[in-house]
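Student: Residues per chain are reported as follows:
There are 2 protein chains.
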Amino acid sequence: MKIAIIGAGYVGLPLAIALSNFHTITCYDIDKKRIKNLKSGFDINNQHSKSEILKKKINFTDDKYRLLNNYVYIITVPTPISDRKKPNLNMLRDASILVGKTIKKKSIIIYESTTFPGCTEEFCIPLIEKFSKLKFNKDFYVGYSPERVNPGDNVNTLENITKIVGANNPSTLLKLKKLYKSICKSVYTTNSIKIAESAKVIENTQRDINIALVNELGKLFNKLDIPTNEVLKAAATKWNFHYYKPGLVGGHCISVDPYYLSYKAQQKKYSPKLILSGRRINESMGKHVAQKTISLLRKNKIKLSTSKIAILGFSFKDNIPDIRNTKIIQIFKELKKKNTQIKIFDSIVSKIEVKKLYNIIVYDFKDFKKFKYDAVILAVSHKEFLRKLTFYNKYYKDKKKKIFIDVKNNYSSYNLIKNNFKYFQI
Amino acid sequence: MKIAIIGAGYVGLPLAIALSNFHTITCYDIDKKRIKNLKSGFDINNQHSKSEILKKKINFTDDKYRLLNNYVYIITVPTPISDRKKPNLNMLRDASILVGKTIKKKSIIIYESTTFPGCTEEFCIPLIEKFSKLKFNKDFYVGYSPERVNPGDNVNTLENITKIVGANNPSTLLKLKKLYKSICKSVYTTNSIKIAESAKVIENTQRDINIALVNELGKLFNKLDIPTNEVLKAAATKWNFHYYKPGLVGGHCISVDPYYLSYKAQQKKYSPKLILSGRRINESMGKHVAQKTISLLRKNKIKLSTSKIAILGFSFKDNIPDIRNTKIIQIFKELKKKNTQIKIFDSIVSKIEVKKLYNIIVYDFKDFKKFKYDAVILAVSHKEFLRKLTFYNKYYKDKKKKIFIDVKNNYSSYNLIKNNFKYFQI
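Those protein sequences? They're chains E and F, same order as listed. FYI, the numbering used here numbers position 83 of the first sequence as 123, with every residue one higher than the one before it. FYI, the numbering used here numbers position 136 of the second sequence as 176, with every residue one higher than the one before it.
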């Protein structure tokens, strides 16, 4: 089959590689640099090796005319949120218009982009109809198969997971099922697009709420002077407890998808109070970490304006270079307000991208040793940060005031007391 | 060892039976009828058989003087909430005073009752000190081991689970560990009472929040005309999704414990918004079910004042007789306001207890066949209710207007459409 993939990012690239074993693949992106990189086998996201990218002849292109004459079109463009936390459907609109202008009769279009229930039928399909002058379910067919890409996870890859495919009529559904069955371990069908859209958006919403709960508990246990991580570890010995850890919730999925669902709810005059309450807690955590740092500095009589703070990690998640929607920036901005001197260390992220997106400088972790600090904030659990605590011991200005903020609850408080840190965990 | 257990309920009885294999057990309760029943081997809660109860000679008693001269005292009294959703510590107070008046030097007191972090040290121990005139950690010792009884669950029994034990000093902790190691599969120690108290109360809080989330989603998907159970089934194919179902949250644990935690939080001027938001949603579900029933009756032009409604189930949970804090009463009261005629069927609960606690009549399910209905509300999934839907088909007044409310999402919508119900699921 001739298949075109629109969007060569975290979702599109693995899909293109998997499908290229059985089909002729054109992989399109508007980002010329990304296409140039992929043509030479380089994936800035570290998801795929050169040999994987170049093994089968995927036709990487930024030329939309190369999209003509395909049979299946799979849309994997990002669906971010605006500054006001509303769905930004610009890329989904552009992709739908592009497909509308490109397809011929009998084409199948599959959306993989996460969105709110109803978006495909109410927003995307009308655009395709308008620009193709063809009729949905008569001249062309549409399905929805939510992406389940988990960056940094080598176990739950496209090949190893169950993939949902949804369509509003049985014959389209069967075609989608066959297509994905060839590349995924198993396929689960839903007999409407809406059900598939809903399933995806609630997965990340559930995760968001569960992290929000442990964040709320963490804030409470701070006040009660009870070590949160020991409570969670104990609770996790119950057969049906879900072991989440407190922390920042960034990235392009968990911190975004609940707003898509809320948007649709509010359209229907339904206020999803719990979901939004969870969002508020998780959005507050960067500020919370900064405030706790400042209060520890003050308690230890360290002058804020001459204080030196190291932030370890800048990506939104452990061991991956993705900086989209990272909440470390909240910690940084909040500490900046108090005129503290901050250095951020992260060897995995692209320093150029950080500069471009956030206008701040990130250092390699090997440079950490060059300075001395009043406070160290372990914000992301990259492997290279998780050395013995005795490593950090050496790099404090004052040996009696070693403030260490363990955002991801990596260490048990017992070890820390032993090491005499002024210690804080969420 | 001579061990006294204060409270012979859901928690105390299994504990007494398990410990009686190794120790001399006195099991005390203020409820004379309960003690009389247990002496004859009858457990109204259906947790234990006559032979289990009578196998070892447990000394069941309502005479507090029989509590003298024991070494270990385990308190398993209920910790409910008041009408205003505040902790009702009356029974914990009475038990602590009783123990205070009873113990001698070197006694160990273990609390199993669920409570808020700090309660044992701030509320219970001072009472014991006052009434015993002995000093904590000098003359007597206290530990906390949260109960994890799950009524109706034959897998996660006391013998099969990991039990948390917590104490503030290593020697008491070791004694608790040894004691529980003899009866539980494994023991997890925490080196403070507070950590153990916190672990217990967050377990049920997490469950409450997760059910609240699917309830909120269910309400939303109702508005969007998307079948909730099919969305949840699809989402559950993701490796890290937790499959909860919408429904009523009653009973003495999940619907109570979050209020204990909130109480402590509010004492510390911390408002646990997410937890309380979850509680509000779950508290609203009985009314929601009733309103949906009424709106379906109206839509089908059935006069409310002559309408006949059957509610299937009255206990707070499937296949157990426990009626404490059942939310079915919310459905009943809400429907009563509209002058509908309601019959409740439940063969498992004690009709006498229901009459006593709620002043309403419950019928045996075998009497269901004697009447015809406009609407059937399947509120609890007792096994005997989960027959083929065709069973209910026969008992409607009007064959064209068969309203069926599936509170626990037992049936897939496909089957229901086929059967031509006017159907509603959360």
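The hints are simulated quantities; they were obtained by calculation from the structure and are not laboratory data. Honestly, I wouldn't trust all of these hints.
Identical copies look the same in the list; a pair holds intra-copy or inter-copy alike.
Straight line, CA to CA, 30 Å or less: simulated DSSO-like cross-link-like pairs of lysine-lysine [stated by the list, open to error]:
hint, residue 1, residue 2
1, 448, 313
2, 343, 146
3, 428, 96
4, 341, 462
5, 95, 339
6, 378, 144
7, 215, 412
8, 259, 173
9, 221, 259
10, 462, 309
11, 79, 178
12, 423, 383
13, 126, 273
14, 95, 72
15, 462, 144
16, 125, 259
17, 313, 285
18, 343, 104
19, 332, 308
20, 377, 97
21, 125, 434
22, 73, 309
23, 175, 439
24, 309, 285
Student: Would you mind marking each hint as holding or not holding in the structure?
Tutor: Each hint, compared with the structure:
1. Taking the shortest Cα distances, residue 448 and residue 313 sit within 30 Å of each other both inside one copy (27 Å) and across copies (22 Å).
2. Taking the closest pair of Cα atoms, residue 343 and residue 146 never come within 30 Å of each other, the shortest separation being 70 Å inside a single copy and 51 Å across copies.
3. Taking the closest pair of Cα atoms, residue 428 and residue 96 never come within 30 Å of each other, the shortest separation being 44 Å inside a single copy and 53 Å across copies.
4. In the homo-oligomer, the alpha carbons of residue 341 and residue 462 lie at most 30 Å apart inside one protomer (12 Å), although the nearest pairing across protomers, at 69 Å, exceeds that limit.
5. For the homomeric pair residue 95 and residue 339, neither the shortest alpha-carbon distance inside one copy (59 Å) nor that between copies (61 Å) is at most 30 Å.
6. With identical chains, the CA atoms of residue 378 and residue 144 are never at most 30 Å apart, being 59 Å at best within one copy and 58 Å at best between copies.
7. Taking the shortest alpha-carbon separations for residue 215 and residue 412, neither the intra-copy value of 61 Å nor the inter-copy value of 46 Å comes in at or below 30 Å.
8. In the homo-oligomer, the alpha carbons of residue 259 and residue 173 never lie at most 30 Å apart, since the shortest distance is 56 Å inside one protomer and 37 Å across protomers.
9. In this assembly of identical chains, the alpha carbons of residue 221 and residue 259 never lie at most 30 Å apart, being 45 Å within a copy and 33 Å across copies at closest.
10. Taking the shortest alpha-carbon separations for residue 462 and residue 309, only the inter-copy value of 25 Å comes in at or below 30 Å, while the best intra-copy value is 48 Å.
11. For the identical chains of this complex, residue 79 and residue 178 are neighbours neither inside a copy (37 Å) nor across copies (75 Å), given an alpha-carbon limit of 30 Å.
12. Proximity of residue 423 to residue 383 under the C-alpha cut-off of 30 Å is restricted to the intra-copy arrangement: shortest distance 19 Å within a copy versus 62 Å between copies.
13. For the identical chains of this complex, residue 126 and residue 273 are inter-copy neighbours only, at 28 Å across copies versus 36 Å inside a copy, given an alpha-carbon limit of 30 Å.
14. Proximity of residue 95 to residue 72 under the C-alpha cut-off of 30 Å is restricted to the intra-copy arrangement: shortest distance 21 Å within a copy versus 79 Å between copies.
15. Taking the shortest alpha-carbon separations for residue 462 and residue 144, neither the intra-copy value of 66 Å nor the inter-copy value of 42 Å comes in at or below 30 Å.
16. Taking identical chains as interchangeable, the C-alpha atoms of residue 125 and residue 259 lie at most 30 Å apart whether they share a chain (24 Å) or sit on different chains (22 Å).
17. Within a single copy, residue 313 and residue 285 get their C-alpha atoms as close as 23 Å, and across copies as close as 19 Å, so both meet the 30 Å cut-off.
18. Proximity of residue 343 and residue 104 under a CA criterion of 30 Å is satisfied in neither setting, with 58 Å inside one chain copy and 62 Å between copies.
19. Taking identical chains as interchangeable, the C-alpha atoms of residue 332 and residue 308 lie at most 30 Å apart only when they sit on different chains, with a minimum of 17 Å there against 39 Å within one chain.
20. Proximity of residue 377 and residue 97 under a CA criterion of 30 Å is satisfied in neither setting, with 51 Å inside one chain copy and 70 Å between copies.
21. Neither within a single protomer nor between protomers do residue 125 and residue 434 lie at most 30 Å apart by alpha-carbon distance, with minima of 42 Å and 51 Å respectively.
22. In this homomeric assembly, residue 73 and residue 309 never come within 30 Å of each other (Cα to Cα): the closest approach is 43 Å inside a single copy and 53 Å across copies.
23. Taking the closest pair of Cα atoms, residue 175 and residue 439 never come within 30 Å of each other, the shortest separation being 73 Å inside a single copy and 40 Å across copies.
24. For the homomeric pair residue 309 and residue 285, the shortest alpha-carbon distance between copies (24 Å) is at most 30 Å, but the shortest distance inside one copy (33 Å) is not.
Violated hints, in rising order: 2, 3, 5, 6, 7, 8, 9, 11, 15, 18, 20, 21, 22 and 23; the structure is consistent with all others.
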